[in-house]
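**Student:** If you read the sequences in order, they're chains H and U.
Using my numbering, the first residue of the first sequence is number 1, and each one after it goes up by one.
Using my numbering, the first residue of the second sequence is number 101, and each one after it goes up by one.
No lab work stands behind these hints, which were simulated from the structure alone.
Some hints could be false.
Unchecked claim - Each computed BS3-like pair below joins lysine-lysine, with the alpha-carbon atoms no more than 30 Å apart:
| id | chain 1 | residue 1 | chain 2 | residue 2 |
| --- | --- | --- | --- | --- |
| 1 | H | Lys92 | U | Lys129 |
| 2 | U | Lys123 | U | Lys149 |
| 3 | H | Lys23 | H | Lys49 |
| 4 | H | Lys23 | U | Lys192 |
| 5 | H | Lys23 | H | Lys46 |
| 6 | U | Lys146 | U | Lys123 |
| 7 | H | Lys23 | U | Lys149 |
| 8 | H | Lys23 | U | Lys146 |
| 9 | H | Lys92 | U | Lys146 |
| 10 | H | Lys29 | H | Lys92 |
| 11 | H | Lys57 | H | Lys29 |
| 12 | U | Lys157 | U | Lys123 |
| 13 | H | Lys29 | U | Lys192 |
| 14 | H | Lys29 | H | Lys49 |
| 15 | H | Lys57 | U | Lys149 |
| 16 | H | Lys57 | H | Lys46 |
| 17 | U | Lys129 | U | Lys192 |
| 18 | U | Lys149 | U | Lys192 |
| 19 | H | Lys57 | H | Lys92 |
| 20 | H | Lys46 | U | Lys146 |
| 21 | U | Lys129 | H | Lys57 |
| 22 | H | Lys23 | U | Lys129 |
| 23 | U | Lys129 | U | Lys149 |
| 24 | U | Lys146 | U | Lys129 |
| 25 | H | Lys29 | H | Lys46 |
| 26 | U | Lys129 | U | Lys157 |
| 27 | U | Lys157 | U | Lys146 |
| 28 | U | Lys192 | H | Lys46 |
| 29 | H | Lys23 | H | Lys57 |
| 30 | H | Lys92 | H | Lys46 |
| 31 | U | Lys192 | U | Lys146 |
| 32 | U | Lys192 | U | Lys157 |
| 33 | U | Lys192 | H | Lys49 |
| 34 | H | Lys92 | H | Lys49 |
Here is what each chain is made of, one letter per residue.
There are 2 protein chains.
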Amino acid sequence: FEGATHDEPASMYVKVAQITDIKDTPRVKDEVYNGNLVVVDITRLKLDKIMYERVLKDLREVANDVNGDIIGLGEQQYVIITPMSVRISREKIGGL
Amino acid sequence: FEGATHDEPASMYVKVAQITDIKDTPRVKDEVYNGNLVVVDITRLKLDKIMYERVLKDLREVANDVNGDIIGLGEQQYVIITPMSVRISREKIGGL
Numbered sequence: 001f002e003g004a005t006h007d008e009p010a011s012m013y014v015k016v017a018q019i020t021d022i023k024d025t026p027r028v029k030d031e032v033y034n035g036n037l038v039v040v041d042i043t044r045l046k047l048d049k050i051m052y053e054r055v056l057k058d059l060r061e062v063a064n065d066v067n068g069d070i071i072g073l074g075e076q077q078y079v080i081i082t083p084m085s086v087r088i089s090r091e092k093i094g095g096l
Numbered sequence: 101f102e103g104a105t106h107d108e109p110a111s112m113y114v115k116v117a118q119i120t121d122i123k124d125t126p127r128v129k130d131e132v133y134n135g136n137l138v139v140v141d142i143t144r145l146k147l148d149k150i151m152y153e154r155v156l157k158d159l160r161e162v163a164n165d166v167n168g169d170i171i172g173l174g175e176q177q178y179v180i181i182t183p184m185s186v187r188i189s190r191e192k193i194g195g196l
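Produce the complete structure using the sequences and hints provided.
**Tutor:** Quick look at the structure:
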């Protein structure tokens, strides 16, 4: 994917993160507080159920704090956390 | 995931879509033109290489048209397409 090559300033950024431990959450939280959307790879995190629950609790709180939103994507592979006033639709487009 | 339960109007929506055929792309394109971000599940689409290339060409054009951005996520599982002035960072946070 080449993506865009424009130089205009962005109004929002999408960041991809991998969380394997509770220590990784502050950076993700900072991004959301700064108005960015984060897609978190949780494939490794979910191997540790207790750590997974701790991290998810943390991320849900952030989404709530900023009046954003949070949803799981795929078979527990990703979690999307959105900043203020960005909503995630629960209706899937197309497919099954 | 419970997500947010606020009633304030959203400035942007995140939509999840599944594309299996070129016929599914107009709805995704409409969302992006309307200023929304779409996460497209391409797991089934990629089984048909020719169709996959056609759809991806289409989606890249949309991202370009609106001055948005496009990136692949995971092992060819998802494609994220963003609307105007929303950029996708190529630097991954945390993890490997």
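**Student:** Each hint needs a verdict: does it hold in this structure or not?
**Tutor:** Results for each hint:
1. H:Lys92 / U:Lys129: Distance ~15 Å between H:Lys92 and U:Lys129 Cα, so the pair holds.
2. U:Lys123 / U:Lys149: Status holds; Cα separation ~16 Å.
3. H:Lys23 / H:Lys49: holds (16 Å)
4. H:Lys23 / U:Lys192: Holds, at roughly 16 Å.
5. H:Lys23 / H:Lys46: holds (15 Å)
6. U:Lys146 / U:Lys123: holds (15 Å)
7. H:Lys23 / U:Lys149: Not OK: H:Lys23 and U:Lys149 at ~40 Å, beyond 30 Å, violated.
8. H:Lys23 / U:Lys146: Violated: H:Lys23 and U:Lys146 sit about 35 Å apart, past 30 Å.
9. H:Lys92 / U:Lys146: Judged against 30 Å, a Cα distance of about 19 Å means the pair holds.
10. H:Lys29 / H:Lys92: holds (26 Å)
11. H:Lys57 / H:Lys29: Answer holds: H:Lys57 to H:Lys29 is near 12 Å, not above 30 Å.
12. U:Lys157 / U:Lys123: holds (14 Å)
13. H:Lys29 / U:Lys192: holds (15 Å)
14. H:Lys29 / H:Lys49: Holds, because 21 Å separates the two Cα atoms, which is no more than 30 Å.
15. H:Lys57 / U:Lys149: violated (40 Å)
16. H:Lys57 / H:Lys46: holds (13 Å)
17. U:Lys129 / U:Lys192: holds (26 Å)
18. U:Lys149 / U:Lys192: holds (28 Å)
19. H:Lys57 / H:Lys92: holds (25 Å)
20. H:Lys46 / U:Lys146: holds (26 Å)
21. U:Lys129 / H:Lys57: violated (34 Å)
22. H:Lys23 / U:Lys129: violated (38 Å)
23. U:Lys129 / U:Lys149: Given pair U:Lys129, U:Lys149 holds - Cα atoms ~21 Å apart, limit 30 Å.
24. U:Lys146 / U:Lys129: Between U:Lys146 and U:Lys129 the Cα gap is close to 19 Å, so the pair holds against 30 Å.
25. H:Lys29 / H:Lys46: holds (19 Å)
26. U:Lys129 / U:Lys157: Distance of about 12 Å is within 30 Å: holds.
27. U:Lys157 / U:Lys146: Status holds; Cα separation ~13 Å.
28. U:Lys192 / H:Lys46: Holds, at about 19 Å.
29. H:Lys23 / H:Lys57: holds (14 Å)
30. H:Lys92 / H:Lys46: At roughly 24 Å apart (the allowed maximum being 30 Å), H:Lys46 and H:Lys92 satisfy the hint.
31. U:Lys192 / U:Lys146: holds (24 Å)
32. U:Lys192 / U:Lys157: holds (25 Å)
33. U:Lys192 / H:Lys49: This hinted pair holds, its Cα atoms lying about 24 Å apart.
34. H:Lys92 / H:Lys49: It holds: about 28 Å lies between the C-alpha atoms, which stays within 30 Å.
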